[in-house]
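Trainee: Residue numbers (numbering that gives the first Met the number 0), protein chains in the order written: chain A, 0 to 421; chain B, 0 to 425.
Derived by calculation from the structure, the hints in this document are not laboratory data. Certain hints may be false.
What the hints assert, rightly or not - Here are the simulated DSSO-like cross-link-like pairs (lysine-lysine), alpha carbons at most 30 Å apart as the crow flies: (1) A:Lys356 - B:Lys357; (2) B:Lys170 - B:Lys1; (3) A:Lys356 - B:Lys238.
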Amino acid sequence: MRHICLYFQVHQPFRLRIYRFFDIGVSHDYYHELNNRALMRRIAQKCYLPMNTLLQRLIERWGPERFSVSFAISGGALEQMRLYAPEVLESFQRLHKTGGVELVGETYAHSLACLKSRREFEAQVRKHTETLEELFSVRPTTFRNTELVFYDEVARWVAEMGFSAMLAEGADTLLGWRSPNYLYQSAAAPDLLLFLRNYKLSDDIAFRFSNREWSEWPLTAEKFAGWIADLPAEQRLINLFMDYETFGEHQWAETGIFEFFESWVNRMLEQGAARFVTPTQARKDHSPAASLSVPAPLSWADSERDLTAWLGNELQTDAFDTLYSLEEPLRQTSAPDLQRDWLYLQTSDHFYYMCTKFFSDGDVHKYFNPYNSPYEAYVTYMNVLSDFRERVESAAKLAKKQSETLSTAEASPEPKGSAEAS
Amino acid sequence: MKVLMLGWEFPPRIAGGLAVACYGLVKGLVHHGVEVTFVMPLRSGEEPTNGYRLLGAQEIPIPYTHAIELPPFWHQVTFYGVRTALGPYLEQLEAPVLHFEAVPQPVPPLTESGQLFLEFSGKYGPDLLSEVYRYAYAVSHLAEAVEFDIIHAHDWLTYLGGLWLKAKTGKPLVVHIHATEYDRSGENPNPEIRAIEEMGFRGADLVTAVSFYTRALVAEKYGIPLEKIWAVHNAVLPKDRQPIQRPPSSRKVVTFLGRVTHQKGPEYFVEAAARLAPCLPEAHFVMAGTGDLLRSTIRRVAQLRLGARFSFTGFLPPAEVERLFDLSDVYVMPSVSEPFGISALEALRAGVPVILSKQSGVAEVLPHALKVDFWDVEGLANLIYGVLRYSAIRPFFIRFAQAELAQLQWERASARVLEAYQSLLV
């Protein structure tokens, strides 16, 4: 029997408002509350709520042993649900209670922190785990990095944090001649199992479903089930990973995406052709076919499957470097508003908006993108960062002064010299 | 193929982008093997010639006659005297001039053979309209004197001449539109100029516009069917000089270049500067160009107490423009309505980041340029700030925009014009 592993990514960034240089040092309000709220409400209505209902119906009909799915919900998405659409959070909690859902761990900020700082990366993973425990009473054992960014070193870190499996892109550079339709393990961390995305079949749904120029349009449940049936019998694990917003947002309801999905699942299960499993369930039935190693980061983005969508041009690398130059001074302070902004500003979407591919194959890049050009995205982000830096630096200075005052006070009974210490 | 091209400007005498565009187009056509005769009002003899023929209207011999035969369309123009300075590109505001004569009075110098030559200033003076009529009358005499398959007239100044030649010879006429009266004057076009433009668009067999922006404008404002209008984007000649060394300075130069008229949006530049000046002490603002809004612009700068932060250079000849670009950190083109905006390409060629108004045709061929609505002063100020303060923009911009620039060759633009000619000759 075949196993189909469905994994959905749920993420929303805190998009920035129009923040101009006159605001630097004047306003510390960075986020486009109105837009973020409106978008969350819209996506809730068009995607999260109807798709959750659909999945719940399928789980109830077939039972979790035959139909389960997995999700990674970013910290930003969870916070925005709490703020703007609490019914969505409740809906996910209900869905999780059915027993047919595995929640996957990730970086809280949906960030690329792993590229800059192990310490920051781990802090965010822990924060995300704590949030899942608080909201869903569960500790994740499977991990997926932002945008499926994967390489040997990060595999080691993830394994050392206690995760037993990780999701990654079934990129040709990683697999070579191999098929993604097997379980693998990391060469760098042999205890870490790897689930690799079948990008062909995943993107047939996520990107091509409604494309009328696609030779396979329209995609029917029958056709898609047929493609899976045609795979060699020994390829028993099909990993379909995609944005959850595929359902109802990237592909509108009018395209028939919901009907397609439901009838495809029902068809597969009625024919006894497959079970829909989570990574944790799949682990019991598969053993790794090979160990894989990849020294340089790969991702699930665009055709290059690398980091160029986020860190491919001067604007992006300058913004990214400037941001992480603040990590050290931020350690001096624990002010909650600064820590919150620090997380929100790390979200990978900010760098995605500065992508040059915008100009050429920017279709995907334009989705939910508040900017007209990468310049606007960069200038806005850098303005915000300028203000943030001022706040961080003055907070760090203050903290330093306080600790010096404290240590001077401890060292000498007369606190006279403290004024000079600053 | 032989083309008779009518244009008001040709290098080295340059008032704006028109001369640059005509020169590039002629060179491009010659490259494609087209024989070009270019007729301007006044040929000085300093113009570059290479593979094409240049003619001044002042050189066209006109047989002396008492009865001037007017073409039928002529009567569609209403002539009336106006006690005001007319014309879009006033070089100076002189005393108002009356002009009643629709057709030039035959005045000497008569030659021995009974011919006469008309006089032209070649400038955009207050008597521009009568010069436009004289030009039309003069070039109509080229019907037999010059061999050509097609007539190509640039901007309203030469449309009457083109129409007259077409009426005489039946040869197809292409009118090229570099700027409409709506671009120059906003919603209050000079009715006479507008009428000539419309006659040109209607009477021509095909209209070529310098951008999709202008193409849409011609269709909308003059009621010309879109199918009749082809967009042919301008290009830029490759750079043939080394940039000058900048003196070491922390000063950042923000440049405005163009006629200081309503069309170019100088007031938006000044207002953006006013917002930037306090936050960006290293910024210095240069306004190069002259025009009817220059005085009020200077007044506004003084009122804002920004005199020390501004330089007004007046009109700059091409070589000085190049120098200015070498010294600039960002070039701003806040035009209210810009059919194309060739200077943006020149800035780019010099490696200067360009901020364009979205209301400009050149934006269509420069996806990588920074763009803003002309009225969005704060957005403009914010982009200028970004370019000057955040160091990643310049290398990023230069890398991508230069690649786009490399695509914008006159050979390519001319190939499109040639295609237009051929569509009329089959």
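Trainee: Could you run down the list of hints and mark each one as holding or not?
Mentor: For each hint, the structure was consulted:
A C-alpha spacing of about 21 Å is found between Lys356 (chain A) and Lys357 (chain B), which places the hinted pair at or below 30 Å, so the restraint holds. Restraint check: the Cα-Cα separation between Lys170 (chain B) and Lys1 (chain B) comes to about 11 Å, which is no more than 30 Å; the hinted pair holds. Among the hinted pairs, Lys356 (chain A) with Lys238 (chain B) is consistent with the structure: their alpha-carbon atoms are about 28 Å apart, no more than 30 Å.
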